[in-house]
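> Keeping the supplied structure of chain A fixed, place chain B upon it in accordance with the hints.
Chain by chain, the residues run as shown.
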Amino acid sequence: MKTVAFLSYPRGMVPQVSENEVLVRARGLIKRFGGFTAVNGIDFELYRGEAFGFLGPNGAGKSSTMRMIGCVSPPSGGELSILGMNPVRDGSAIRARLGVVPQEDTLDVELTVRENLLVYGRYFGLPRKLIRDRTTELLEFVQLEDRAGDKVEPLSGGMKRRLTIARSLINDPDILILDEPTTGLDPQARHVVWDRLFRLKQRGVTLILTTHYMDEAEQLCDRLVVMDKGVFAAEGSPRQLIAEYCSPEVVELRFDPALHDAATEKIKDVQAERHEVLADRILLYVPDGERAIEEVRARGLEPLTTLIRRGTLEDVFLYLTGRRLED
Amino acid sequence: MAALSAAGLPVTGGPPLTVRAFRCWLTVYRRIWRSSIWSSILGPVCYLGAMGFGLGSLVNRHGTAALGGVPYLAFLAPAIMATSAMTTGLDESTFPVLGSIKWNKIYIGAQASPLRPPDIFRGHLLFMAMRIALNVSIFTVVMVAFGAPRSWWVVLAWPSAVLLGLAFAAPIAAWAITVKNEMSFAYVFRFGMIPLMLFSGTFFPLSQLPGWLQPVAQALPLWHGVTLCRAFSLGHVSAGLIWHAAYLIVLIVAGTLAGARTYTRRLYV
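Line by line, the protein sequences are chains A and B.
Residue 194 in the working numbering is what sits at position 194 of the first sequence, and the numbering runs on without skipping anything.
Residue 89 in the working numbering is what sits at position 89 of the second sequence, and the numbering runs on without skipping anything.
Just chain A, same shape as in the assembly (with noise of 0.2 Å):
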C-alpha cells in the first residue's frame, strides 16, 4: 500500500453505499457538560460510502457529537460504536481509522507545509517513506503542490483548510469527519473545498460533516439530519426533507410597510400549505406559486415585489429550527 487508496481509485469503479456496513451507530446517544445537555439522546447509522450531515443552529449539539464520534469526548449516556469498537476503551485503535478536519485549524503555522503532513503522518506511526509518497499525492489533490516547501503562515484561510483537509487523509482513514469545514472562508475558497469534497465522496471516501450552510449540505450530503437543542428534529435526504417539510414553490410577498398588517389579514384565507409572516415580506408555500399570486390579486392586494422560487433546504431548516436569532 504505497498510496491513498481512494485517490487511486479509477473513476466509475467506486464503491457505493453499502447499508450492511455500518461504520458509526448511535442508540440513545447522550452528552452532558455539568448540568448542561449539549446532545440528548440520538439515535443513527452511518454506512459506508455515504456523506452524512449533521445541520443545526450553533450550539445545537453538533461538534458535542462530532467530538464524540472522534473519540476525545467520552459519551455521557447511551451506545456508541465505531467501526465496530468501543470509543471509550478503543478510542486509540479508532482514531487510527479516522480523519478529523476540526472547526478550528490546529495546523503547526511555522512549520512547513510537508511538515504538518509529516508530523501528522508520524503520529500514525506510518513510515516516512509512506508518508513522503502520500504527501505528494495529497498536496496535488488539494492543489497545494507549489507551495509544499513553505511555511504555513502566511497561506490564504482556504489554503489552510485544504491542507487541513490534506493532513486528516494522510491516514488513509475509514471515515473522514469535518467539523464545519468551510466556516469563515470567502466564497471562492468555499467553492473550491466544496469541489474537493465533493471529488473525495465521488471516489468513495464516507463523510460526517456539521454545518449551518444549507447549500453546503444540499451539495455534499446524501442524507442529513437537522439538528436543534440536542436531539433531531428530522432526517431525511435533502430531497425528502424538502418534500416533507416544505412545498414545491415558497411564493414572497413584499408589502407597503404601512400595508403590511392589514395585507397579512386579507391574505389569512389564501390555500397554502403554510404561510409566514416575517417582518419584512409574507411567505406562502404552496405547490403552485402563479396561482397563489394571483388570488392574493383578487383579494385587491397589489405587492411591491413578488417573487416565486423553490422550496429549498434552508426553508425547511428554518421552519424546524425556527427563526430565533441566536449564535
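Read the hints as simulated data drawn from the structure, not as lab findings.
Think of the CB as a built atom: it goes at the ideal place given N, C-alpha and C, for glycine as much as any other residue.
Careful, some of the hints might be misleading.
[Said to hold, decoys possible] Under the rule of at most 25 Å between Cα atoms (straight-line distance), these lysine to any residue pairs were calculated in the SDA-like manner: (1) Lys105(B) <-> Leu118(A); (2) Lys105(B) <-> Gly149(A); (3) Lys151(A) <-> Trp103(B).
[Stated by the list, open to error] From chain A, some residues computed to sit far from chain B (all C-beta separations above 12 Å): (4) Gly35; (5) Gly49; (6) Ser92; (7) Ile94; (8) Pro102; (9) Tyr120; (10) Glu218; (11) Ala243; (12) Glu252; (13) Lys268.
Positioned in the frame of chain A, the structure of chain B alone reads:
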C-alpha cells in the same frame, strides 16, 4: 500498553505512542535549536563570569571557611548548574504546555491521532528531559572551561541536574495543562522560582540562613539538587546523597502519574 495491544492497535504497527509524540517535538525543535543553543551557552558564561569571578574575588578575599574552604567559583558553579536545570524545566513545562492547547494547538492536533492524552504528556515530557539534558551538558562544558569542578565526580552532577529539572518539569506540566490563563505562570516564576533560587544554598551556604528558615529550604526541591551537584563537583561523595536523588525521583514519578490524569481530564471533555 497491555490494554492497547489487546484492543488491536493500528494496522501499521510502528513505534510506541509516547515516542511518536516526542518525535513531533523534535521536528519543531529542529527549526529553533540554533538560537536556543546560543542562549544556553551565553547564560552560563555570563553567570559564571560575573558571579564566579567578579563577586568571587570579593568573597575569596574575606576567607572561604564557610564555603568549606573552596574558592567561591567552585562553590557557586554547581549550584548555578542546578538552578539553570530548574529554570529550563520551568520554561519548558509552563508556556509550551498551555500554548499546545491555546496557541499552536499541537496537543489538539495530536489528539485526533492514535495518541492518547497520557502519550501526549509523556512525549512532551521526554522532550523537556532532552532540553534539560542539553542545557546541562552545555553548562558542564562551560563549567569545566572555567575550571570550576574540583573532581571527576562532576560527571554525576550532570544526571543530578537532569533529575532536578524533571522534578520541576513533570509536576509543573501536570498543573500547567489545567490553568486557563498564562497569568498563573507569573506566580510560579515570581513567588516560586526566584525565592527558591535565592534561599536554597545557591549563592551562600544554607547555614547562613536564620535557623527557622533552614528546614523550609531543605524541604524544597532545589536545595536537594544543589546539594547533589555541589557534592559531585567538589568530590564530597557519600552514600547519603542517595536520599537527595530519591527525593527528586519521587517528585518526577508523582508528576508523571498526575500528568497522565490531568491531561486526560483537560483534553477528553
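> For a quick check of understanding: which of the numbered hints are violated here, in increasing order?
Failing hints, ascending: 6, 7, 8 and 9.
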